[in-house]
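Generate the whole structure from the sequences, applying the supplied hints.
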Amino acid sequence: MRKILNVMIAFIVLIVIWQSVIWIGGYEEALLPSPLSVASGIVEMVITGTIFEHIGISLYRFFMGYGSAVIVAIVLGLILGRSPKLWGVVDPIVQVLRPVAPVAWTPFIVLWFGIGNMPAIVIIFIAAFFPGVARNRFSSEKGR
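Those letters in the sequence shown? Residues 15 to 158, by my numbering.
There's no promise every hint is true.
As the list claims (entries may be wrong) - If you anchor each label on the Cβ, the simulated ranges turn out as follows: (1) Y74 with L125: 20 to 28 Å; (2) D105 with F66: 42 to 50 Å; (3) P98 with M59: 35 to 43 Å; (4) V103 with L46: 46 to 54 Å; (5) P47 with L73: 19 to 27 Å.
Claimed, not checked - Below 25 Å or equal to it, Euclidean Cα-Cα: the simulated SDA-like pairs (lysine to any residue) are: (6) K156 with M59; (7) K156 with W101; (8) K99 with L111; (9) K17 with V30; (10) K99 with V89; (11) K99 with I85; (12) K156 with V86; (13) K99 with M78; (14) K156 with S97; (15) K156 with I85; (16) K99 with R149; (17) K156 with I123; (18) K156 with T62; (19) K156 with P145; (20) K17 with F66; (21) K99 with A148; (22) K99 with W32; (23) K156 with P49; (24) K156 with R75; (25) K99 with K156; (26) K156 with P98; (27) K156 with P121; (28) K156 with G102; (29) K17 with W32; (30) K99 with S154; (31) K156 with I88; (32) K99 with V30.
These aren't lab readings, by the way, just hints derived from the structure by calculation.
Ideal Cβ positions, reconstructed from N, Cα and C, are used throughout, including at glycine.
Structure follows, in structure tokens:
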């Protein structure tokens with residue numbers, strides 16, 4: 015019960031801070047909407063049903079990007095784990111690209127793939143691919 019109360023208090027404090035920033039800063043509604051306007055927008059989207067369409071599109075992008083990354087990472091990780099020579103060639107490339115934040119790829123992804131579903135799918139793919147291929151390669155190598 016105490017934990018629920020703490021969460022509610024934190025949520026209320028966040029809303030108060032949000033509204034205070036709008037009042038003190040004099041921000042326009044288009045730049046920083048108020049909590050009430052955000053809540054009414056959410057209610058409107060639920061009533062019209064558009065929120066479910068948007069959720070469906072987001073889930074499609076997530077599952078396409080993550081699912082394809084998992085499949086490719088497993089296959090490539092198994093191959094690289096079984097072939098130390100091939101891993102020796104690929105490892106430097108993976109080590110250079112792995113720490114790059116997926117969001118940092120956004121300008122290139124938009125240039126290469128345009129606007130639409132594909133850029134989001136590719137960014138999700140990149141976010142899941144590098145950790146997956148490294149884990150699967152390590153597991154495959156240990157299983158030899």
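Each hint, compared with the structure:
no.	hint	result
1	Y74 with L125: 20 to 28 Å	23 Å, holds
2	D105 with F66: 42 to 50 Å	44 Å, holds
3	P98 with M59: 35 to 43 Å	53 Å, violated
4	V103 with L46: 46 to 54 Å	50 Å, holds
5	P47 with L73: 19 to 27 Å	25 Å, holds
6	K156 with M59	50 Å, violated
7	K156 with W101	14 Å, holds
8	K99 with L111	19 Å, holds
9	K17 with V30	20 Å, holds
10	K99 with V89	17 Å, holds
11	K99 with I85	22 Å, holds
12	K156 with V86	19 Å, holds
13	K99 with M78	31 Å, violated
14	K156 with S97	12 Å, holds
15	K156 with I85	20 Å, holds
16	K99 with R149	18 Å, holds
17	K156 with I123	35 Å, violated
18	K156 with T62	53 Å, violated
19	K156 with P145	17 Å, holds
20	K17 with F66	30 Å, violated
21	K99 with A148	16 Å, holds
22	K99 with W32	55 Å, violated
23	K156 with P49	52 Å, violated
24	K156 with R75	33 Å, violated
25	K99 with K156	16 Å, holds
26	K156 with P98	12 Å, holds
27	K156 with P121	38 Å, violated
28	K156 with G102	16 Å, holds
29	K17 with W32	23 Å, holds
30	K99 with S154	14 Å, holds
31	K156 with I88	15 Å, holds
32	K99 with V30	59 Å, violated
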